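Fit chain B to the known structure of chain A by using the hints.
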Amino acid sequence: MTRQMTGAKMVVQALKDQGVDVVFGYPGGAVLPIYDEVFQQNDIRHVLVRHEQGAVHAAEGYARATGRPGVVLVTSGPGATNAVTGMTDALMDSIPIIVLSGQVPTFMIGNDAFQEADTVGITRPCTKHNWLVKDTAELSDTLHQAFHVATQGRPGPVLVDIPKDVQFASAEYTPPQKARTRHYAPQVKGDMAAITELVEALETAERPIFYTGGGVINSGPAATQLLRELVEATGVPITSTLMGLGAYPASGGNWLGMLGMHGLYEANMAMHGCDLMINVGARFDDRITGRVDAFSPHSRKAHIDIDPSSINKVIHTEIPIVGDIAHVLEDVLKVWKSRGRKVNREGIEKWWAQISEWRMVRCLDFSQAGPAIKPQYAIQRLEELTKGHDRYVCTEVGQHQMWAAQYMGFEDPGRWMTSGGLGTMGYGFPASIGVQMGHPDALVINVAGEASWLMNMQEMGTAVQYRLPVKQFILNNERLGMVRQWQELLHGERYSSSWSEALPDFVKLAEAFGAKGILCSDPADLDDAIMEMLDHDGPVIFDCLVEKHENCFPMIPSGEPHNKMLLGENASTKDAIKEGGAVLV
Amino acid sequence: MSALQIKKGSTKHSAYNLRPTFSDVQETHTLAVIVDNEPGVLARVIGLFSGRGYNIDSLTVAEVDHTGHTSRITIVTTGTPQVIEQIKAQLGRIVPVHEVHDLTVEGPSVERELALLKVRGAGEKRVEALRLADIFRANAVDSTLDSFIFELTGTPDKIDAFAELMRPLGLVEIARTGVAALSRGS
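If you read the protein sequences in the order shown, they are chains A and B.
Numbering (our numbering) for the first sequence: 7 to 591.
Numbering (our numbering) for the second sequence: 81 to 266.
Treat the hints as calculated values from the structure; they're not laboratory data.
Source: prediction; values computed, not measured.
For glycine and all other residues, C-beta sits at the position ideal for the given N, C-alpha and C.
One thing to keep in mind: the hints can contain errors.
Heads up, incomplete: computed chain A residues facing chain B, CB under 10 angstroms, no partners named [what the hints assert, rightly or not]:
(1) 134
(2) 313
(3) 473
Only chain A is shown next, with the shape it has when bound in the complex (with noise of 0.2 angstroms):
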């Protein structure tokens, strides 16, 4: 049977055969017609944000938190370059989106029309993959495509670009199971004779470690269980990037906490001295790695990565293993068995040991002393009364961020969402917003700063029309505070447009959004505040005051290797930085 439809409706008719039941986006003139097509139909229901970025981070958001692609809706022109940051975001972090631009119709491309981009040619190197359809026969098909690439391998956004005239006409629709997913086929089974090298090492190392990323997580469900399997089973400690939280629960026997610039002292300390670095799923990023010549000098290292140009891009492995996380594990531990489960208890055991010494140099502690909230304080409360909760946590950028990854504890993949690749300030509002569609009973905090946050306040609004009840967190010092912690730092505390001045006064703007606002800036009430705002039914912006001018520890200092932190209270933060380090960011 075949079935002649327009394009407009192909798409909807796309996004209900891949299973989607919510889109996030934007109308305009380009996409009118498909619009017309989602407002004639119930399967799918359209999330109205105040700004293309923003529904972009939703998807992501909602991709994160539910396992599944999130996608987007957004006109031509100006929707289309306005989704340009989040496209990008979730390139750097491996975040499966499909973002569907309208265009003009194609007779006018290339005569500068209304609302005219070179939309696949900006987009290009911010996906994974994108395409301009040109004909109606050919958009279901590319649809599907669409899907498979964002989803398979290394995950993505990707970018369908449909001219409007190739919305109203019509031809016959492709269904899932026919589209030519071509060769598009990432090699997911590892080499046997590498991930046997791998369990050679693994049977003799004395000071192994797991390095665990966001791979882990993107490969799904089985990579974790497999994962918490393996590191039980041979009681290697482990530790994570920022992307990686809750692949290995916080509150497991071997966790060692966050690793990187403002990771937690055992855990590079542990990195730095480790003779076997199993990197599952993470990509040596420079806040990880610090200064690279340096960096973990005695050991050897395997890296099992899906993406083939991940492996050796940093630094040298060598035990490389290209595959998916979880097919490799499977294997690993296959292999494991078979020869007898054998660890270096011994080494291991005097491992833990030091690792227990690092440990008692408790680089998370903090004072909670003076009339000043402490921003460590105000996020061990908020983790102290939610952590019973089905919980979910996004950060926008900055110091907040890092604290919240040092503070909070995840005991499950997909709790925990944060822009880690690029870092984008205004991402985690949107993102929750995307997170609370996908579990609409769930705790959704966003642990924010005032000065990210206001970079996407307008989401309010779309927070407040769909009755998301998200609870924005926001640590509020005034200051842009790792731009101020870095002009601190390295440049001579001079405070170069780091302040904000007329910051809003967040309690009257909930309420004129229709939301409800809470203003705390006493400790003794935090506590009653938090609880005020876990009680509330619907979106609150909780305007948490702290201390203005507290810095984030533990740090690596740009150009230093993971064993040269500077630490809280005790550490001299003058001269830290080298005058090399300077240059970086």
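Same frame as chain A, but now just chain B:
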């Protein structure tokens, strides 16, 4: 345990100086990339090189299979061994790329380039240009009373050598196709 001391001084090593432990030797490699001949595919390849700061010494492209709509892109590039490996891995990630071959490491290969050279002159110089063209097996594909266009096929080195010889004899313009290459044998 006391806080760690950070010493004063400067370092050139940094998080952004990503490749200090790798070899600094620059190598030139010829890559053959088989791609779907679809709109924008060349832009993806070129954008990858410019976006990631890789070099392109020469690049040629044409559809080689009209029924399967595949094109062959031949790229000559220079970089450290580690950068060359990255280039190949990054090319392999592009969705419409089917195969990436490094002809420089996959065994012996044949590399050829075609050049057109316009030489203007009179008298002895004109005769000398013709004589040298004969030695290089270049064909005169256009001639006027005061100029020739020579067509020359060969390795890039051979074309360089011929162009050098023509320069004092009145070389006014040169067009080169860039390298096309195939591995030897079956």
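Structure-based check of all given hints:
A hinted interface residue such as residue 134 of chain A counts as satisfied when its beta carbon comes closer than 10 angstroms to some beta carbon of chain B; here the least separation is about 7 angstroms, so the hint holds. Because the closest C-beta pair between residue 313 of chain A and chain B is about 7 angstroms apart, less than 10 angstroms, the hint holds. At about 39 angstroms, the closest approach between the beta carbon of residue 473 of chain A and any beta carbon in chain B exceeds 10 angstroms, and the interface hint on this residue is violated.
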